[in-house]
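Top line first, the protein sequences correspond to chains S and G. Read the first sequence against the numbering used here and you will find it ends at 409, with the numbers running on by one and no gaps. Read the second sequence against the numbering used here and you will find it ends at 409, with the numbers running on by one and no gaps.
Don't take every hint at face value.
Unchecked claim - Distance ranges between label pairs, derived from CB positions:
| no. | chain 1 | residue 1 | chain 2 | residue 2 | range |
| --- | --- | --- | --- | --- | --- |
| 1 | S | Cys220 | G | Glu386 | 57 to 63 Å |
| 2 | S | Lys315 | G | Arg148 | 35 to 41 Å |
| 3 | G | Ser63 | S | Asn246 | 50 to 56 Å |
| 4 | S | Leu370 | G | Ala388 | 52 to 58 Å |
| 5 | S | Glu313 | G | Ser109 | 53 to 59 Å |
| 6 | G | Gly243 | S | His250 | 46 to 52 Å |
| 7 | G | Asp134 | S | Glu313 | 31 to 37 Å |
| 8 | G | Ser63 | S | Leu62 | 54 to 60 Å |
| 9 | G | Ala388 | S | Arg260 | 32 to 38 Å |
| 10 | S | Asn302 | G | Arg148 | 53 to 59 Å |
| 11 | S | Glu386 | G | Asp134 | 39 to 45 Å |
| 12 | S | Asn64 | G | Ser63 | 56 to 62 Å |
Stated by the list, open to error - From the derived model, a few chain S residues whose C-beta atoms are all more than 10 Å from chain G:
| no. | residue |
| --- | --- |
| 13 | Pro94 |
| 14 | Ser109 |
| 15 | Lys331 |
Just so you know, these hints were derived from the structure itself, not from any lab. Built from N, CA and C at the ideal position, the CB exists for glycine as well.
2 protein chains.
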Amino acid sequence: MRNDKSGIDRLLSNRVSWLADSGPEDDIAISSRIRLARNIEKTPFPMAASVEILENTLSIIMHAVRKSASFPDVIEFELEKVSDLERRLLLERRLISRELLACKKGSGLSVSKDETFAVMINEEDHLRIQAMKPGFQLHEVWSDINGIDDALSREIPYAFDSEIGFLTSCPTNIGTGMRASVMLHLPGLALSGQINAVVHGVSKLGLAVRGIFGEGSDNLGNLFQVSNQSTLGESEEQIIDKLINVIRQIINHEKNARQTLLEKKQNFLLNHVGRAYGILKHAYTISSEETLNSLSALRLGVDMGMFSSVDIHVVNELFLTVQPAHLQKYAMRELESADREIYRAALVREKLRNIDSRN
Amino acid sequence: MRNDKSGIDRLLSNRVSWLADSGPEDDIAISSRIRLARNIEKTPFPMAASVEILENTLSIIMHAVRKSASFPDVIEFELEKVSDLERRLLLERRLISRELLACKKGSGLSVSKDETFAVMINEEDHLRIQAMKPGFQLHEVWSDINGIDDALSREIPYAFDSEIGFLTSCPTNIGTGMRASVMLHLPGLALSGQINAVVHGVSKLGLAVRGIFGEGSDNLGNLFQVSNQSTLGESEEQIIDKLINVIRQIINHEKNARQTLLEKKQNFLLNHVGRAYGILKHAYTISSEETLNSLSALRLGVDMGMFSSVDIHVVNELFLTVQPAHLQKYAMRELESADREIYRAALVREKLRNIDSRN
Chain S
51 MRNDKSGIDR LLSNRVSWLA DSGPEDDIAI SSRIRLARNI EKTPFPMAAS
101 VEILENTLSI IMHAVRKSAS FPDVIEFELE KVSDLERRLL LERRLISREL
151 LACKKGSGLS VSKDETFAVM INEEDHLRIQ AMKPGFQLHE VWSDINGIDD
201 ALSREIPYAF DSEIGFLTSC PTNIGTGMRA SVMLHLPGLA LSGQINAVVH
251 GVSKLGLAVR GIFGEGSDNL GNLFQVSNQS TLGESEEQII DKLINVIRQI
301 INHEKNARQT LLEKKQNFLL NHVGRAYGIL KHAYTISSEE TLNSLSALRL
351 GVDMGMFSSV DIHVVNELFL TVQPAHLQKY AMRELESADR EIYRAALVRE
401 KLRNIDSRN
Chain G
51 MRNDKSGIDR LLSNRVSWLA DSGPEDDIAI SSRIRLARNI EKTPFPMAAS
101 VEILENTLSI IMHAVRKSAS FPDVIEFELE KVSDLERRLL LERRLISREL
151 LACKKGSGLS VSKDETFAVM INEEDHLRIQ AMKPGFQLHE VWSDINGIDD
201 ALSREIPYAF DSEIGFLTSC PTNIGTGMRA SVMLHLPGLA LSGQINAVVH
251 GVSKLGLAVR GIFGEGSDNL GNLFQVSNQS TLGESEEQII DKLINVIRQI
301 INHEKNARQT LLEKKQNFLL NHVGRAYGIL KHAYTISSEE TLNSLSALRL
351 GVDMGMFSSV DIHVVNELFL TVQPAHLQKY AMRELESADR EIYRAALVRE
401 KLRNIDSRN
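So that you can see chain S by itself, here it is in the shape it has in the complex (with noise of 0.2 Å):
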């Protein structure tokens, strides 16, 4: 029934909807995300089980998320089954944590195969749901995520306090448990040097935002994630309206510093597109840092019109594949950083090839 190995491929061989597919605002908001924590009741969290209970855990949440039948095509890996690489591939695909890279007993995922939905089991709460959407519309993956939820309600008893809303091993997620978030392109935010007070601004309005690549501020690729910080005393509405009011106001600050630089710094702008184009299309070694940066410029050329005959969504998966696991997939053998570089300048060739620029 399982077949972890066939399971990556069937992953990587599928459209990744949520990049590939467009949505509302997609020119800025890549992506739309709700992740849910959820555990079973009277089972102890994943940290202070047995092995025992995790695979029992994990086999329960399983056979739930089938016969719910919420997730359509689900593929299923039991990760400790599955090799470093493919843990890594699943990282980079935003469908496993960080702290599942370690090989950890009983720990689960399941997954719909257009990679819409998923359930990370057994991580640090039992349950981790989790969907995803294409562009601005965090309604729709709420109203999603919220159907899944209860069917999976229905499978499987929650820890759930009437009060405080549902238990989590980490206070931090204790009441809805929720953590929304949009994935946001901020070229013209950054080019026109206005990204760190826009930070510092979103921060002190009590969201969390950080950049999707490395931490800190190098702001590789000048992707960010603005999520809720607070899960408790709030509905999950409440969270998700004040949490879209922000990101519509980011919006608009990034269309007009795009603007703005198009009147007033046009040179400036075209030559930063061009010469990302220019290396992205005929390098043949480029860093991780260089593509991720290149890219950026890319994506804001195409939103611009400068490119005549590019799919956007080609260069939303770029910042997906240049990553090192999906180079070495691509490579199908294990590569040393200044291979990689090799193999990353190819894939980016081959994947922009018929891109013509319109100048």
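Given chain S, put chain G in place with the hints provided.
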């Protein structure tokens, strides 16, 4: 009879034969040039001559050039009557020397429409006769310029001493009065770190090597001119044969260096060439230095078959037309440095529009 304004425009609208036409070994040897220093007997050298004498000399020489009929379609310039910009254009086209940039009464230029032949008048000597051809063909250039020299000598009584030869204003030119040179493109030696050793070795053989753009060690564009130093004590043919022997060795070194790069550092080479091509084709602002070095890489790529539809002479001509005076002529106005970078990028994109890379 003389129309200097249209003279410049006639030059600019015609192909520069030594850049635009094919010649032997022009993958490495861009052009061959010989200059002869000649003076009129019993007449003070230009630096000691009165304005009346200079103007008289100018008239005599221009007349002799026309009468000797050795130049097809001669175009004449009285340099004090042309603008600063036009003098700089002539300098960039290698038709006059830096000394004639300063407005100097009585100095002039007679040049064939295709720029194969030129006589610079009242620079350091009364006449500096120049002949140029594409590729590596000093014997042919010598044959041409020798014929022109003979024809002019029938119109102009040269200052000549039967023991030491032609008399010149500066003692370093005395004897043959000949300076023969070949312009070499040596990116292989530069990329493999051998160029300084080659320059040093050639200097020890009594020849001069200098970068075409800028003085000293920066070697922009990897273009070098190799010429004889000595003009005395040997016949013209002996000097030329010695020069040819050394240059043939340099060309072989360059070929070996390219082959070694291709065999041992293929990705390095492809990356170097590909990135330069990407930048040239897509940048919207570019410095002179980056342009010359990128053109050098592109030219190497063309020579090595990396571009399917490129005429190498388009690249040769770009080395000329990206220079400041040519750029300002292209823009039809004076340009500040920042504007030059924008126009330079626009010019390069335009010229490379129809070039496709094979990858």
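Taking the hints in turn, this is what the structure says about them:
1. Separation of S:Cys220 from G:Glu386 is about 60 Å and conforms to the stated range, judged on CB atoms against 57 to 63 Å.
2. Against the hinted window of 35 to 41 Å, the Cβ-Cβ separation of S:Lys315 and G:Arg148 comes to about 37 Å, which satisfies the hint.
3. For the pair G:Ser63 and S:Asn246, the supplied restraint of 50 to 56 Å holds, since their beta-carbon distance comes to about 53 Å.
4. Look at S:Leu370 against G:Ala388: about 38 Å separates their beta carbons, and that is not inside 52 to 58 Å.
5. With their beta carbons about 58 Å apart, S:Glu313 and G:Ser109 fall inside the hinted range of 53 to 59 Å.
6. Between G:Gly243 and S:His250 the beta carbons are some 48 Å apart, a value that agrees with the proposed interval 46 to 52 Å.
7. Distance hint check for G:Asp134 and S:Glu313: the Cβ-Cβ separation is about 36 Å, which falls inside the suggested range of 31 to 37 Å.
8. Between G:Ser63 and S:Leu62 the Cβ separation comes to about 58 Å, which falls inside the hinted range of 54 to 60 Å.
9. For the hinted restraint 32 to 38 Å between G:Ala388 and S:Arg260, the CB-CB distance of approximately 37 Å keeps it satisfied.
10. At about 57 Å, the beta-carbon gap between S:Asn302 and G:Arg148 stays in the expected band of 53 to 59 Å.
11. Against the hinted window of 39 to 45 Å, the Cβ-Cβ separation of S:Glu386 and G:Asp134 comes to about 56 Å, which falls outside the hint.
12. For the hinted restraint 56 to 62 Å between S:Asn64 and G:Ser63, the CB-CB distance of approximately 59 Å keeps it satisfied.
13. Annotated as non-interface, S:Pro94 keeps its C-beta farther than 10 Å from every C-beta of chain G; the closest such distance is 53 Å.
14. Look at S:Ser109: its CB is around 49 Å from the nearest CB on chain G, clear of 10 Å, so calling it non-interface holds up.
15. Distance check on S:Lys331: its Cβ comes as close as 6 Å (rounded) to a Cβ of chain G, failing to clear the 10 Å threshold; non-interface status is violated.
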